[in-house]
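Place chain B on chain A using the hints.
First to last, the sequence lines map onto chains A and B. FYI, the UniProt record's numbering numbers position 279 of the first sequence as 279, with every residue one higher than the one before it. FYI, the UniProt record's numbering numbers position 421 of the second sequence as 421, with every residue one higher than the one before it.
It should be emphasised that the hints constitute simulated quantities derived from the structure, not laboratory data. If you're wondering where the values come from, they're calculated on a predicted model, not measured in any experiment. What you were told as hints is all true, and nothing was included just to trick you.
In silico DSS-like cross-links for lysine-lysine, where the CA-CA straight-line distance does not exceed 25 Å: (1) B:Lys-230 x A:Lys-230; (2) B:Lys-279 x A:Lys-357; (3) A:Lys-340 x A:Lys-357; (4) A:Lys-337 x A:Lys-408; (5) A:Lys-273 x B:Lys-357; (6) A:Lys-408 x A:Lys-79; (7) B:Lys-230 x B:Lys-337; (8) A:Lys-279 x B:Lys-230; (9) B:Lys-230 x A:Lys-340; (10) A:Lys-230 x B:Lys-279; (11) A:Lys-285 x A:Lys-256; (12) B:Lys-357 x A:Lys-279; (13) A:Lys-230 x B:Lys-285; (14) B:Lys-230 x A:Lys-357.
Here are the chains, one letter per residue:
Number of protein chains: 2
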Amino acid sequence: MHTAWKDYQKQNEQRFLDEMLELLRIPSVSAKSEHKDDMRKCAELVKQRLLDSGCDKAEVMETAGHPVVYGEKIVDASKPTVLVYGHYDVQPADPLELWHSGPFEPVIKEGKVYARGSADDKGQFYMHVKALETMVKTGDLDTNIKFLIEGEEEVGSPNLGSFVREHKDMLKADVILISDSSMISMENPSLDIGVRGLSYIQVEVTGANRDLHSGTYGGAVANPITLLCKMIADIHDENNHVTIPGFYDDVVEATKEERELMARAPFDEKEYKDELGIKEVWGEKGFTTNERTGIRPTVEANGIWGGYTGEGAKTVLPSKAYAKVSARLVPNQSSDKISKLLIDYFEQNAPEGVTVKAELHHGGEPYMTPIDSKGYRAAAKAIQTTFGKEPVPVRGGGSIPICSILEKELGTKIIFMGFGLDNDNLHSPNEKYNLENYYKGIETIPYFHKFFAVES
Amino acid sequence: MHTAWKDYQKQNEQRFLDEMLELLRIPSVSAKSEHKDDMRKCAELVKQRLLDSGCDKAEVMETAGHPVVYGEKIVDASKPTVLVYGHYDVQPADPLELWHSGPFEPVIKEGKVYARGSADDKGQFYMHVKALETMVKTGDLDTNIKFLIEGEEEVGSPNLGSFVREHKDMLKADVILISDSSMISMENPSLDIGVRGLSYIQVEVTGANRDLHSGTYGGAVANPITLLCKMIADIHDENNHVTIPGFYDDVVEATKEERELMARAPFDEKEYKDELGIKEVWGEKGFTTNERTGIRPTVEANGIWGGYTGEGAKTVLPSKAYAKVSARLVPNQSSDKISKLLIDYFEQNAPEGVTVKAELHHGGEPYMTPIDSKGYRAAAKAIQTTFGKEPVPVRGGGSIPICSILEKELGTKIIFMGFGLDNDNLHSPNEKYNLENYYKGIETIPYFHKFFAVES
Chain A
1 MHTAWKDYQK QNEQRFLDEM LELLRIPSVS AKSEHKDDMR KCAELVKQRL
51 LDSGCDKAEV METAGHPVVY GEKIVDASKP TVLVYGHYDV QPADPLELWH
101 SGPFEPVIKE GKVYARGSAD DKGQFYMHVK ALETMVKTGD LDTNIKFLIE
151 GEEEVGSPNL GSFVREHKDM LKADVILISD SSMISMENPS LDIGVRGLSY
201 IQVEVTGANR DLHSGTYGGA VANPITLLCK MIADIHDENN HVTIPGFYDD
251 VVEATKEERE LMARAPFDEK EYKDELGIKE VWGEKGFTTN ERTGIRPTVE
301 ANGIWGGYTG EGAKTVLPSK AYAKVSARLV PNQSSDKISK LLIDYFEQNA
351 PEGVTVKAEL HHGGEPYMTP IDSKGYRAAA KAIQTTFGKE PVPVRGGGSI
401 PICSILEKEL GTKIIFMGFG LDNDNLHSPN EKYNLENYYK GIETIPYFHK
451 FFAVES
Chain B
1 MHTAWKDYQK QNEQRFLDEM LELLRIPSVS AKSEHKDDMR KCAELVKQRL
51 LDSGCDKAEV METAGHPVVY GEKIVDASKP TVLVYGHYDV QPADPLELWH
101 SGPFEPVIKE GKVYARGSAD DKGQFYMHVK ALETMVKTGD LDTNIKFLIE
151 GEEEVGSPNL GSFVREHKDM LKADVILISD SSMISMENPS LDIGVRGLSY
201 IQVEVTGANR DLHSGTYGGA VANPITLLCK MIADIHDENN HVTIPGFYDD
251 VVEATKEERE LMARAPFDEK EYKDELGIKE VWGEKGFTTN ERTGIRPTVE
301 ANGIWGGYTG EGAKTVLPSK AYAKVSARLV PNQSSDKISK LLIDYFEQNA
351 PEGVTVKAEL HHGGEPYMTP IDSKGYRAAA KAIQTTFGKE PVPVRGGGSI
401 PICSILEKEL GTKIIFMGFG LDNDNLHSPN EKYNLENYYK GIETIPYFHK
451 FFAVES
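Just chain A, same shape as in the assembly (with noise of 0.2 Å):
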């Protein structure tokens, strides 16, 4: 079987890149309401798509906000289902002007592909629906499959919530597979066994009723800057611990075992920093590096603008300022419950002299899966197979808000089996992803059905 697979997947290869390259070229940016018809556009050649790859019946369904796409290729109703979970959206591509080349005209350069959402997560999902094609067309596909691919995941899965209640039937598993992490390296591969949960706000200062001469007023009149400032520098004491009352309250402190193990994970810092130009890492005293990524909740402010900007210099005492404010989450913190306190941290401590409104954009919780599952020993095998090496079990930074809504509605644990890397510029310019992780993904995939058939 292993011959078929590869040999079917090397004559393909070219065509395989091909389509991922189609579907980069869609700028379906999920935030921005001037991509409405792009994201539908995206939707409909996903669909297309997985009918093409060999799926019985695939269509685009409707929600409040962005479309689903929903596909399947029921073998036999006796046989294990997989539900493989992906997004067709993509984050913006805002800074533009750091990209080397167009956000949405990729771009192969050394092996990798340039592009907005290469990695994340169109190139990896899409390993998914060529994967299925290696097993239709080699007549060696032991599991049913079904695709729920949406167009929501980065602005926080707002709708499908109520479409997965909605349709649950229609998606019921026995395992859902996601690829929107990375591992380590391709030399040590690892699986990721829970994401953060998200709590995303903006937040608006506002001083005098409107812009002010700096002279005229300065020293008189409250500037909303620097008052923004002061809050969002108190978040962080000088430990770099966040300081917002009950934050850490339902922390899940990690074991001293896990701990330990999460420190064999291989780890060179001074390569970290290199790759990354800094001189120093920076946060929480008491922490290591991937523990704070992995095991720690942390405060990030992801954007923040107010008064003059522009080239030169203008006197100005704004009227106002903004920022934009993240709390990633860990196991048993409530994103409810901490958009709240971040809301409230800001709300209720609004200096004097200027107003605070504090809006949650969106969130999502954290999430966690046992290494002892059959989908998590059918992932471990498949990469075994292909990558001659077992992997690490490592806690993922990042965060997938449904993942808590799949396993509650569909009572279906979520294996994580993503094939990107770190420095694939996730969310940044220039993002990447290198086409042997990409062929690795096609490759490994249909090993995971092939095992958990097995285990099932």
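Okay, now just chain B, sitting in the frame of chain A:
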């Protein structure tokens, strides 16, 4: 003589206004290179107007930056000479979306001209041009008048110092008269006796060498927004006193007498707060609002930006964050010295994990003028004549960077006879200049010349 001036002005009222509007229609924004041609167009129009209004000669003169317009009307070498300084450049109009009408499409509403530059300073320097016309056309001019109208005041007059040094003879005068400030109100006319100095810098904070995913890296790599906020927040202590070491070292404290005199100037805090839409005033503990803008040096953040500032959410840990920060200075502080303190404050306090670069935009020295000079007496008598009330001497909060250089190079005191109001929205959206103030200025200025000729 009063009647002749008044009659002439009445007859030409509409034209005086139309000519001002024509000036306002040229977007002469000195800070933005895209307006280079507009700057020259504006200079040429000013020159033509000086000639049309009675100057014997006028020319557009080159500098290393935007040109200067010079004009003169020499009546008799034995008579005293008044040098009028003003500027034809304006502040950037951003944020454009807050303007009720186009910043360069002047609109008259309820007796006010709304346009960028209406009060600062096109509408104000042009009062002097129309005052010249009044005196020339009625044959009643007792002084020589020179005009120095520059194009770089809003960017700190970087080239005017050397221009003045190279043209000392041409600019020689017995007094320098400037209308580029405001009075308390039409009921409480005032004369500025000082302007604050300025130090304006831009700060760039860099963390990682590229934007990062805030999940993958958040909490483990320094966030330049957070650390910039910390540095800005730390500029003021809990009493809103500036903490930068050495900042207050050279400040000449106002005497008890001067503070008592200031306290007598009419000021209604409730009205001030209502007009600005704020619940509380803000500022350095131990000083009144007028003292905070008049006799105290201050530091303001004029702009801040970094990370994602668009619609919706983007979970990015940015590579860079920026701020524009300026200080207003009071007598005896040196702009060079304070600029260096500000730059050092940011560069030498760079927290671990980020690098900080700060650079000077521009600066200007504080300036004070005595109230017992011939010029001040002439201005006070002119105001008394047309307003029917003796003006109060006050210290203005704004800056005119060139003042100290003009005095030093030309050996002549400066008189500030501003006809604007604090609520003219200088440097802000919807800048306006009241028609009443414009005409009152044109009415008052000839008396200054008349009284100055008598005093001299």
